[in-house]
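Asks: The task is to assemble the complex, starting from two chains supplied on their own in separate frames and drawing on the hints.
Each protein sequence line maps, in turn, to chains A and B.
Anchor point for the first sequence: position 127 equals 127 in the UniProt record's numbering, and the numbering is continuous, going up by one each time.
Anchor point for the second sequence: position 123 equals 123 in the UniProt record's numbering, and the numbering is continuous, going up by one each time.
Don't read these hints as lab results, they were simulated from the structure.
Hints may contain errors.
[Stated by the list, open to error] Distance windows between CB atoms, simulated:
id, chain 1, residue 1, chain 2, residue 2, range
1, B, D199, A, R215, 17 to 23 angstroms
2, B, Y269, A, Q222, 55 to 61 angstroms
3, A, Q222, B, R50, 37 to 43 angstroms
4, A, T199, B, D199, 47 to 53 angstroms
5, B, M267, A, T199, 52 to 58 angstroms
6, A, Q222, B, R225, 55 to 61 angstroms
7, A, N109, B, R58, 32 to 38 angstroms
8, A, R90, B, D199, 39 to 45 angstroms
9, A, Q219, B, D199, 16 to 22 angstroms
10, B, R58, A, R215, 28 to 34 angstroms
[As the list claims (entries may be wrong)] Covered, in the sense of this in silico footprint (three residues per stretch, anywhere, with C-beta under 8 angstroms from a C-beta of chain B), are these stretches of chain A:
id, stretch
11, 62–70
12, 131–138
All C-beta atoms in this analysis are idealised placements derived from N, C-alpha and C, irrespective of residue type, glycine included.
Each chain, written out:
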Amino acid sequence: MRASGKRPVPSLILLALLLLAAMPVAAAGVTVADAATGQPLANAVVALYPRAGHSSAPPPVRASIVQRRATFMPHVLVVPPGSRVSFPNRDTTRHQVYSFSPPLTFSLNLYLRETPPPVTFDRAGVEVLGCNIHDHMQAFIVISEAPFSAVTAADGRVALEVPAGPYRLRIWHPLLEDTHQQWWEGQLDADEQRRVALTLRASPPPRDEPSELARHFQQALQQGTAP
Amino acid sequence: MSFRRRLLLIMLGVVIVAQLVTAVATLGAIRRDELIRGGRELAVGLDVTRQLLRERGRQLRDNVAILAADYGFRSAVATRDTATLASVLANHGERAGADMVILTDPRGSIMAGTHLAPGSALPFESLWQQAQQHGQAVGVVLQDGQPFQFVLLPVRAPNLIGWIGMGFVLDDSLAREIGQLTRLSVSFVVGTAAPQHGDEFVSGALAAGEGAGIGELRQGLARGRYLEQSRFEPGSAQLTRATLLVDGADGRVYTVVQRSRSELLAMFYNLGWQMLVIFLLTLVLIAVAVALCVRSMARPLVRLADAARRIGRGERLQDMPVRERGEVGLLARTLAGMQQDLDERERSLLHQTRHDQLTDLANRSCAQQDIEAAVHQGRPFTLLRLAISGFRHINDTFGYDMGDRVLVTLARRLRALPPPLRQAYRIGGDEFLLLLDVAQAEKVWLTGLLDELFRPIDPQGTPIRPTLSLGEVNFPAHGHDTWLLLRRAEIAMAVAHRTHCPHRRYEEGQDEQHQRQLKLVRDLQQAVTDHQLFMVYQPQTAAPTGCLTGFEALMRWQHPELGFIPPDEFISLAEQSGHMTLLSQWMIETVCRQLAEWNTQGHRLRVAINLSARDVVDPTLADRLEQVLLAHDVAADQLTLEVTESAIIQDPVMAVTVLERLRRAGVRIAIDDYGTGYSSLSQLRTLPVRELKIDKSFVLGLEEREEDRIIVRSTIELGHNLGLEVVAEGVETEAARQLLANLGCNYLQGYLISRPLPAQAVPGWIADGAVLERHP
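Excised from the complex, chain B in its bound form (with noise of 0.2 angstroms):
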């Protein structure tokens, strides 16, 4: 529900409940009020009755005394003569008006009457009484079921000679005449103890029909009702009171008043209206007013709502559409604070976004934006990519808080450059990235760059010069792509750490012969499973007899794509990839199931490979090859390990363990390509070796050179000296063969002898004429 509905609702509400509650309270006073009132006049109008009643009596009984006292009256009375007497008792009392006439005797012996029979007593004792006191007597008595207002006087002639008595209706003039006095409804009801047609007397308003119920009201007035104070009975229209004129044997006389509900509650009716009238006024001016307070309430709200949603959907107000002030413009200023906080806030983001937070340079996402910019642009520019060589050892040696203080440090260096520079980023963890608005950069700025970068930095007297490859594209030279010119300065730049190089520019073909790395390292696992790969062997014959005494195996890539892959690029992909331990254990398989095959057509064979540097220090090495010789049924002396120099150099303590463990199983070990690495004569010593292996390079330039023949001949020297036997590869010529033979060379291996042959022409080539050397 809306505020404004709500707030309509409780007002109206408040003022409703308001309203009714007032209405009901006065309404409630007034009816009572008028109700006492009412009562209050019905009892006035019971006394005024009462007054009149008394009144009226005190004339009938003068009019009475006066016929009392004419003689011709008395005359008639004095003869006793009961026809006469009835004559003119009903002659004056035509001429009083009354209903009743009754002569008695002095002793009240009724001698004529109208409505009692001569010679009977007069029944009404009171009144007897009274007149006997008083000499009259006025009051109300019951006769015939009719009531009179009886006067009784004596006769006079002089002497008392009788007793008058007129007894006069309470009819429904007289009720009436009260009635027009008091302004009441007036009637004379007569009530016996118990009820019996319902035909008893009454006169007055209830008799013309005024009030219905007469049967109801007469069982009240039996049950004593009415006379103590005025009530309304249920149903009724009428308020009534009454009071009891005559309690006598045969029934009794009330006079009742009665004041009409709806005449009496008129004024309350009235009121009523009147307010109902003003209720409905006053709602429908609350309604307006309330409509138009809270319009004017909810219309800067509803300005301020739709400002907001302006300013949640990005738009910024310069003015809150409002005017008001109080607590609306306490919100249209906290709104307008709040749209600054938000552009802060979004500025922050937005920067953190772009930025790295520890340098506070663009980050990469800014770059690739920044680039694709420029691209957009179409401007020539450079990108330099550079990292710090071996940043993690900065952070494993000196802790990375150090780390971070370089970073921050090269960072603050970088920015300073001057131009071409545009703009530094800090692209990884130990990566920038300059962006340059020249085609290629300029040696001069080059120099000036290197210099600055190269520069020591010392933070707590340690100082520490961080080595940075820097690897450089050209737009558009070398790309029109964002992630090709990333990709390609990295490139370069992996070359210029390769080279230990600080700059490198991108090359053409470099990426082409990275994108084929990749490929081939992606599927190097493919080529084991798929059989791509497969072992070719090169013989091994005795330098002097030429003799065959072993081969050399060695590992072969059939690319489906790419066709033949040297063992050379794979084989160090594999290394740097990590996929060097599964080619080495598919090489052992597959050349212990070789051996194990030419073992049971009666060639034992000794074959020698290739162990990588990975292999070297690979502890489990030992085990695995012995499992693979045990599954074959291959004696461990078939088998011979070539190492080279540097692999065991990256780690020599594990590697010669590794080698120990290898060599007491009962392979042999040799060192391949020796003279070409860091040669150390001391761990030569401590090496379980068996062999050496001379490199190539040397042997293919033993004709022409010197110094090549020099290294040759030592190196037999030194190998034989050390127990070692010697193994020159690479030999071609025949010359080269009479001159390894004749420095002492144990075992030759060259196209000379053969090229590397597969496993099925090995037997034949064997066949053809190759002398097996017997092995001690």
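Just chain A, with the same shape it has in the complex (with noise of 0.2 angstroms):
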């Protein structure tokens, strides 16, 4: 399954490039904010896709989310289909990686140095990913299609260089609601500088802190190494 989608990387970006070079460029500026509170909007994934003519998608990438301090990082990667990820370990726990996500269900067991080989995700969608020992870590892959896609910073602002037209703009964002598969979608002009506040409907996300237990057992361990 993973091989089935396997294209040669190198002459997709080279097409891509030739392109780009071959069409008038504009730059089309998103800002994500939370409809609520007005705040921009961090790890908001923008997505643009030409409305007029034959559009395809990036080529495959190599990526990693790596796990620091009981934490994914980065929190949201948009990746092409056909990608691979790996999920190297950088803490002095083990963790378990899995998702029960429709584009691709894995797990890797417990593991800490020995990271395990790379994911593939080859169908379009999110996939939501989970510790199984520690419940407040998460972490979102976007697999998408769009020609055009970037990840909101924690100005909630994406700037793409996309050819002069018209484009159908597609927003996700964690927070958007719980399934996490569904998009917001608008209209966007390539030159269109534009902000779209989203209402964020998810329940709230974990908290990231260690808590009051973590905290006990970092104290307990302190107190039984230190002797």
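Replies: Listed below in structure tokens is the structure:
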């Protein structure tokens, strides 16, 4: 299955570059914000589909999501279908990364340094990652066929160099809703700067800081190792 | 204090006491009940709390069991990597909501834990034992001063790879949850044997500050209070009960349930207020009822009191002013009866004060009133005053019983007299008074009266014929004053008595005479001391020779107002009033002094003095006389004592004795006024007399009347025959002197010889030629 969507990546990139160079290019800007608070939203995926003519997905890439201090980093990763993602563990505790999402169900047994082989995501969709023994660890891999896509930074902005023309605009955010499979749909012109306010309907995410129990454990550990 | 107020106070007092006792008893019982109920609620609350904790323990165990069976968890435990263990335990502890997580190896050595260092042994020995026996354990433990509900379960993969323990703090939310179910203030309290800083663990209501005084509570718990039964600590507002969850070396964990006192006793206080209101209402009601009741009771009493006051003032009430029956009615009837009794008593008293008890005739005061009324009316009327002569004699002779009978009989007769008698009175012991409605008593009527009254009274075959004297006065002829009329009636009566006449009407002047006599009697004593009295001396001469033989001393009274008072008048008054002894003593004194004086002048004279009837029967007279004679050195034979026959007649035996003594003393005794009295020749014979003095009434008529001549001659003869000398007084003419001398009379006395002379004139009179006859 992993092998089915495989293509020669360098030729694709080359082709894209050629196409881009041949077309007049415009800078499309999207700013994503929380409709309720007006605060800019980071980790939003912005995808643009040209409305006119044929478009194809970018070539697959290699990427990784690191576990550090019981956190997946980055929190949101956008890749084209067929991309391979590895999950290296940089913590002292073991993690068991798993996902039951539609694009691909997989589970990597508890591991520490011995990083398992990368996982290939062929089907488009949103993959929700978790750790079986750390309920608060969560990450998302958005497998998107959009020719142009990016993740908003802390200021909620993306800027995409796209050929001129009208585009179909899709935006996804982890907190958009709880299934994590729906997108916000809209229109965008290539040279348009647009602000999108998202109504976030998902449950609040688990907290990030170490719990009381975890701190107790730390204390107990320090007491145990100190002597 | 008035009856009304007293009754009110008593009733109110009884009600207050009863209400207070009831209130105290009721409130006390309710309070006790409330506290018992509260205690029961607390006990139930504790049971429920224990039950809830057990239930929670089961739930926690189930939760932990699920976690322990989790594949990922088991895989993590199986790695035995400390950091992984810690993180998975923390993660799964989070899932269960645990506050303490511990993982041990199968032998109980800590592999990882929140509160315990790896490598140490599980400190919860009893739980461990329980877990070993039953494969699981649930209980409360104390760790780091915090109480945890602790679950210990095995981790199997599938063999036993360790024990997972999770603790859940007995925190505020748990306490609140149980509190909501039990409706009590629930707290979890950790107490050590010796409370240290007061910052020991506490959660629930007490931690929220609902119950102050956690320190005291801890001390109480340390002493084992609250465990057996619920109780109020003094000053605490909470009813408290506790149960011991853990009793370990580090301390004890208690579940404390409390119920606020105010909440618990809310009903009690509420009831208390209600009772107070009821109490006050009852008081007011009772006060009003009692006031009304007492008023209705007291009002007739007040009216009766008023009626009694009016009766006391003399009013007479036809009806008592109350219609009540019962006791008040009885009182009213009694009052009415009392009024009648009073009337009767008053009538009786009035009758008694106005009537004589013995005869039932109207009395003296009644007579006075009636007379005053009659005088005031002005119509003519007549008073007849009558007395029984010698009534004392009747009493003495026949006894007082008979005397009373006489009075009663007379009274009856008087009362039965025909008109114009208006009223008969008894105004003294034996005195009666008749009031007649006529200007003057008619002779016929008077005759009828006397006939009636003088009828013999014959009570027991001893007829008594009372002698009565009646004095009559007429209004307005004899005076306009009650006292005057009565006195004049008395004077008339006295005159009637004196004159032995049954009836005398008052005559003008009698009263003045009477007044004069009273005055003289009154002044007599004064006369003696003030030298108003003096003696005059009338010479006596020998009949044949004309020689002076002596004097008769005569008493004179020159009254400062009334002038010369005739001796007959005042001497008889003195005799009647008992002043005679005084007068005769003075006379003896004066005469003897005079004799002594004359003796010193060389005139040895003989003087005769008059003795009164009183003197004659005075046994001390002789002694007194002798003393006076001795004192003045006068010879007894210089004195002649003249005594009248009537004086002797009154008590002849005593008179003879006295005169005999005087004679022995050497005094010459003469019978004065001989022939006028009831002369008794036998008596004359026994008397020690030397002289007879023929009364001057015979001597004055000597020349005209043959009878007088016969009497004088025979008297002289009689005297001489008895060996007595005879003196004639009242000799005023020479013819009379001649006659008497011829008849052989011894001595003469009279104006022919000389008028009575004042003492100082005597020596001169003698010097003028009188010849003193020498007595042998």
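Asks: Now tell me, hint by hint, if it's right for this structure.
Replies: Results of checking the hints against the structure:
B/D199 and A/R215 have their C-beta atoms about 22 angstroms apart, which keeps the hinted 17 to 23 angstroms range intact. With their beta carbons about 58 angstroms apart, B/Y269 and A/Q222 fall inside the hinted range of 55 to 61 angstroms. Between A/Q222 and B/R50, the C-beta spacing of about 38 angstroms keeps the proposed range 37 to 43 angstroms intact. Range check, A/T199 to B/D199: Cβ separation about 49 angstroms, and the 47 to 53 angstroms hint holds.
A hinted range of 52 to 58 angstroms holds for the C-beta pair B/M267 and A/T199, which are about 56 angstroms apart. Checking the proposed 55 to 61 angstroms range against A/Q222 and B/R225 shows it is violated: the Cβ atoms sit about 42 angstroms from each other. Between A/N109 and B/R58 the beta carbon distance is about 34 angstroms. The supplied range of 32 to 38 angstroms therefore holds. Our hint of 39 to 45 angstroms for A/R90 and B/D199 holds, since their Cβ atoms are close to 42 angstroms apart.
In this structure the hint that A/Q219 and B/D199 lie 16 to 22 angstroms apart at CB holds, the actual value being about 20 angstroms. The given range of 28 to 34 angstroms is respected by B/R58 and A/R215, whose C-beta atoms sit roughly 29 angstroms from each other. Counting residues of the stretch 62–70 of chain A whose beta carbon lies closer than 8 angstroms to any beta carbon of chain B gives 1, which falls short of the minimum of three for the stated coverage. By the rule of at least three residues with a Cβ nearer than 8 angstroms to a Cβ of chain B, the coverage given for the stretch 131–138 of chain A holds, with 5 such residues.
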